[in-house]
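**Q** Sequence:
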Amino acid sequence: MKYTAITIGPTLKTLQLARKTRELWGASYLLSYICKELIQQIRIKDNKCSFIVPYVPKDEITDFYKPQIGAGLFPDRIIFEDNLPEGSLEEIKTELLTTLAERITNKIKEDEDKVAKYLNQYFRIEHITKEYNDILPVISIQNYLDTAELQCKLVENDSQNYISTFLNKITNSFLTEEAFSREVIKDGDIRGKCFPSIPELASAQFRTINSDVWEIAQKDLYEKLNQKKEETRENLFYDIFKGHDNTKNDFRTYHKYVAIVQADGDSVGELIRSFENGEVEKSKIEIADLSKNLFEFAKQSVEKISKYGGECIYAGGDDLLFMAPVVGSQKENNNYQNIFDLINTLSTDFQQRLPEQNIIKEGTSINVKPTLSFGVSISYYKFPLQEALSEATSQLFEKAKKTEGKNAVALRVLKHSGQYFDTIFKKNTEAYNIFCYLMSIYTQQNDDNNFLMSVIKKIYDNTDRIIAIYENENKDSEKFRQRLQFTFNSEFNNDIHTIYEDLTTGIINLTVSAFKIQTPANAMKMVYAALRFIKFLIRKDTDE
Numbered sequence: 000m001k002y003t004a005i006t007i008g009p010t011l012k013t014l015q016l017a018r019k020t021r022e023l024w025g026a027s028y029l030l031s032y033i034c035k036e037l038i039q040q041i042r043i044k045d046n047k048c049s050f051i052v053p054y055v056p057k058d059e060i061t062d063f064y065k066p067q068i069g070a071g072l073f074p075d076r077i078i079f080e081d082n083l084p085e086g087s088l089e090e091i092k093t094e095l096l097t098t099l100a101e102r103i104t105n106k107i108k109e110d111e112d113k114v115a116k117y118l119n120q121y122f123r124i125e126h127i128t129k130e131y132n133d134i135l136p137v138i139s140i141q142n143y144l145d146t147a148e149l150q151c152k153l154v155e156n157d158s159q160n161y162i163s164t165f166l167n168k169i170t171n172s173f174l175t176e177e178a179f180s181r182e183v184i185k186d187g188d189i190r191g192k193c194f195p196s197i198p199e200l201a202s203a204q205f206r207t208i209n210s211d212v213w214e215i216a217q218k219d220l221y222e223k224l225n226q227k228k229e230e231t232r233e234n235l236f237y238d239i240f241k242g243h244d245n246t247k248n249d250f251r252t253y254h255k256y257v258a259i260v261q262a263d264g265d266s267v268g269e270l271i272r273s274f275e276n277g278e279v280e281k282s283k284i285e286i287a288d289l290s291k292n293l294f295e296f297a298k299q300s301v302e303k304i305s306k307y308g309g310e311c312i313y314a315g316g317d318d319l320l321f322m323a324p325v326v327g328s329q330k331e332n333n334n335y336q337n338i339f340d341l342i343n344t345l346s347t348d349f350q351q352r353l354p355e356q357n358i359i360k361e362g363t364s365i366n367v368k369p370t371l372s373f374g375v376s377i378s379y380y381k382f383p384l385q386e387a388l389s390e391a392t393s394q395l396f397e398k399a400k401k402t403e404g405k406n407a408v409a410l411r412v413l414k415h416s417g418q419y420f421d422t423i424f425k426k427n428t429e430a431y432n433i434f435c436y437l438m439s440i441y442t443q444q445n446d447d448n449n450f451l452m453s454v455i456k457k458i459y460d461n462t463d464r465i466i467a468i469y470e471n472e473n474k475d476s477e478k479f480r481q482r483l484q485f486t487f488n489s490e491f492n493n494d495i496h497t498i499y500e501d502l503t504t505g506i507i508n509l510t511v512s513a514f515k516i517q518t519p520a521n522a523m524k525m526v527y528a529a530l531r532f533i534k535f536l537i538r539k540d541t542d543e
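In terms of numbering that gives the first Met the number 0, the sequence shown is residues 0 to 543.
The hints are simulated quantities; they were obtained by calculation from the structure and are not laboratory data.
Bear in mind that the values here come from a model prediction, so they are computed numbers and not experimental data.
Every residue, glycine too, gets a C-beta built ideally from N, C-alpha and C.
Among the clues, some could well be false.
Just the calculated beta-carbon pair ranges, DEER-fashion [as the list claims (entries may be wrong)]:
no. : residue 1 : residue 2 : range
1   : Tyr-419   : Lys-19    : 22 to 28 Å
2   : Tyr-459   : Glu-295   : 26 to 32 Å
3   : Glu-280   : Ser-389   : 18 to 24 Å
4   : Val-367   : Lys-106   : 41 to 47 Å
5   : Arg-18    : Asn-142   : 54 to 60 Å
Derived DSS-like pairs (lysine-lysine); straight-line CA-CA distance at most 25 Å [unchecked claim]:
no. : residue 1 : residue 2
6   : Lys-381   : Lys-457
7   : Lys-12    : Lys-152
8   : Lys-360   : Lys-291
9   : Lys-129   : Lys-281
10  : Lys-291   : Lys-306
11  : Lys-524   : Lys-400
12  : Lys-218   : Lys-19
13  : Lys-524   : Lys-474
14  : Lys-298   : Lys-360
15  : Lys-515   : Lys-368
16  : Lys-414   : Lys-381
17  : Lys-1     : Lys-168
18  : Lys-92    : Lys-57
19  : Lys-456   : Lys-414
20  : Lys-35    : Lys-106
21  : Lys-405   : Lys-368
22  : Lys-47    : Lys-1
23  : Lys-35    : Lys-129
24  : Lys-401   : Lys-360
25  : Lys-291   : Lys-405
26  : Lys-478   : Lys-456
27  : Lys-425   : Lys-524
28  : Lys-106   : Lys-168
Based on the provided sequences and hints, a complete structural model is requested.
**A** In structure tokens:
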């Protein structure tokens, strides 16, 4: 059987063109759009074409890619059983880029011939065709694509970057029309919405709390779209909240911070490799089921991220990239969900779609349980977008994915002051569950006594002492717990201790649990970061 694999790029170079949220979304969606158009044109030339990656139904596909979902769902690679006539792929690529040049030209009002020439030089749409009879080449054929991607295309004159120009004008383009069916009307009259700015995303919860004031601020943001610099408009957006007496108590520090989250599946590649080495027809069924489940998970994720108050930039199977408020606009048990609630929801959905499976690896039967790891970068609304994005990627691949067993969340919160705290949580641990519990109970309490900040300071100042207690008790968890309880009792007066008894008990349990799974230094870092994050959730707005 003849198989063809296609790679679409350059991915990183295109994403790095973005300086604003709409541009980042547009860069990702543009690449997904190209993939979708390739699939549709291949199916037109061969209506019985069987796609291995990504998931494409075997019947009519006109409606299978649901428009107006708001995010690109297609990856940068395609693998299919190739029965196309010789030269068909080159024809498809030429027609696709010609049409794309026409549509981009209509938006940016440049010379169409120059735009077409630039696109042909800029985009790398490479393919390789190989014969395979004994295996389904999901992994094997992609190794050849890795080599093909190393062959960089040169743009003769990059002084006029038409892709960058288009991304800057992405609002009300053919891409936003397809993705959202939303447009921004002149003079600030907003019909639906385009991809939101960082302040809009960061303050999504506030829209639920006080929709009248939030919508006044949003309208002002768009009325000044062409009148003022973006930074000035964003400052004025927040000034409107401060100008209303009835909103001051509801406005929190985190309303000025946005989370960029990148997620990637764990053990999915191992699962695919096991399928590839099986009997071909059986492998086709297994890969098809896996691809469909990943596609459905991606669609479901986009919807849940949107309901939370975030916006998905890309959702390709087990890969997610999205921006979201620290605290969302949805409530659960009378408490607004925060970014960790969303992470937990997505993790549960992923594991329900991809349950534990038994595979044969090197002749041995083992159980593989796919999970989802996350890199989370939380930063001030003025922080450079590319740096925040790079930090999320680093947190995912340099920390979460390198944690033993994976299934982790690596978090970094960079404050406006330049201070930061970070840590790694293993999701399937007692320590992580306690952290989530503490968030749920303490964010509902009144901390007029600033008790939590006192605890954080005491823990920070006594880090060496706490580690010494652990070592002196020969790492006995129960004795360690008792000594911590005694320490808390002696450090805080009885009245305060009684008021916050649930919190102090939870902090002690968190500390003991952290020491069970981390080195003492990393355990203290986790406890400190966990409490700093909870304090971040209840802090009222300040110009820190």
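**Q** All hints are to be evaluated individually against the structure, with a verdict given for each.
**A** Hints versus structure:
1. Tyr-419 and Lys-19 have their C-beta atoms about 23 Å apart, which keeps the hinted 22 to 28 Å range intact.
2. Range check, Tyr-459 to Glu-295: Cβ separation about 45 Å, and the 26 to 32 Å hint is violated.
3. The hint said 18 to 24 Å for the Cβ distance between Glu-280 and Ser-389, and at roughly 43 Å that hint is violated.
4. With their beta carbons about 46 Å apart, Val-367 and Lys-106 fall inside the hinted range of 41 to 47 Å.
5. Between Arg-18 and Asn-142 the CB atoms are about 35 Å apart, so this pair departs from the stated range of 54 to 60 Å.
6. With a C-alpha separation of about 32 Å, the suggested pairing of Lys-381 with Lys-457 is violated against the 25 Å cut-off.
7. At roughly 12 Å between alpha-carbon atoms, Lys-12 and Lys-152 fall within 25 Å of each other, so this suggested pair holds.
8. Restraint check: the Cα-Cα separation between Lys-360 and Lys-291 comes to about 24 Å, which is no more than 25 Å; the hinted pair holds.
9. A hinted pair counts as satisfied when its Cα atoms are at most 25 Å apart, and Lys-129 with Lys-281 qualifies at roughly 20 Å.
10. For the suggested pair Lys-291 and Lys-306, the alpha carbons sit about 23 Å apart, so the restraint of at most 25 Å is met.
11. With a C-alpha separation of about 19 Å, the suggested pairing of Lys-524 with Lys-400 holds against the 25 Å cut-off.
12. For the hint linking Lys-218 to Lys-19, the alpha-carbon distance of about 19 Å falls within 25 Å, and the restraint holds.
13. This hinted pair checks out: Lys-524 and Lys-474 have alpha carbons roughly 18 Å apart, not beyond 25 Å.
14. Among the hinted pairs, Lys-298 with Lys-360 is inconsistent with the structure: their alpha-carbon atoms are about 31 Å apart, more than 25 Å.
15. A threshold of 25 Å between alpha carbons decides the hint, and for Lys-515 with Lys-368 the separation of about 23 Å falls inside it, so the pair holds.
16. Proximity of Lys-414 to Lys-381 is assessed by CA-CA distance (about 11 Å); at most 25 Å being required, the pair is judged to hold.
17. This hinted pair does not check out: Lys-1 and Lys-168 have alpha carbons roughly 41 Å apart, beyond 25 Å.
18. A C-alpha spacing of about 22 Å is found between Lys-92 and Lys-57, which places the hinted pair at or below 25 Å, so the restraint holds.
19. Taken as a hint, the Lys-456 and Lys-414 pair is honoured in the structure, with Cα atoms around 17 Å apart against an allowance of 25 Å.
20. Annotation: proposed proximity of Lys-35 to Lys-106 holds, straight-line Cα distance about 21 Å (limit 25 Å).
21. The suggested pairing of Lys-405 with Lys-368 holds, with an alpha-carbon distance near 11 Å, which does not exceed 25 Å.
22. Our distance criterion of 25 Å between C-alpha atoms is met by Lys-47 and Lys-1, whose separation comes to about 14 Å.
23. Taking the CA atoms of Lys-35 and Lys-129, the gap is about 22 Å. The hint holds against a cut of 25 Å.
24. With a C-alpha separation of about 21 Å, the suggested pairing of Lys-401 with Lys-360 holds against the 25 Å cut-off.
25. The straight-line distance between the Cα atoms of Lys-291 and Lys-405 is roughly 24 Å, inside the 25 Å bound, and the hint therefore holds.
26. Between Lys-478 and Lys-456, the direct Cα distance comes to roughly 24 Å. Compliance with the 25 Å bound is thereby established for this hinted pair.
27. As the CA atoms of Lys-425 and Lys-524 are separated by approximately 14 Å, the hinted pair is consistent with the 25 Å bound.
28. The straight-line distance between the Cα atoms of Lys-106 and Lys-168 is roughly 7 Å, inside the 25 Å bound, and the hint therefore holds.
Checked against the numbered hints given earlier, the structure breaks hints 2, 3, 5, 6, 14 and 17 and satisfies all the rest.
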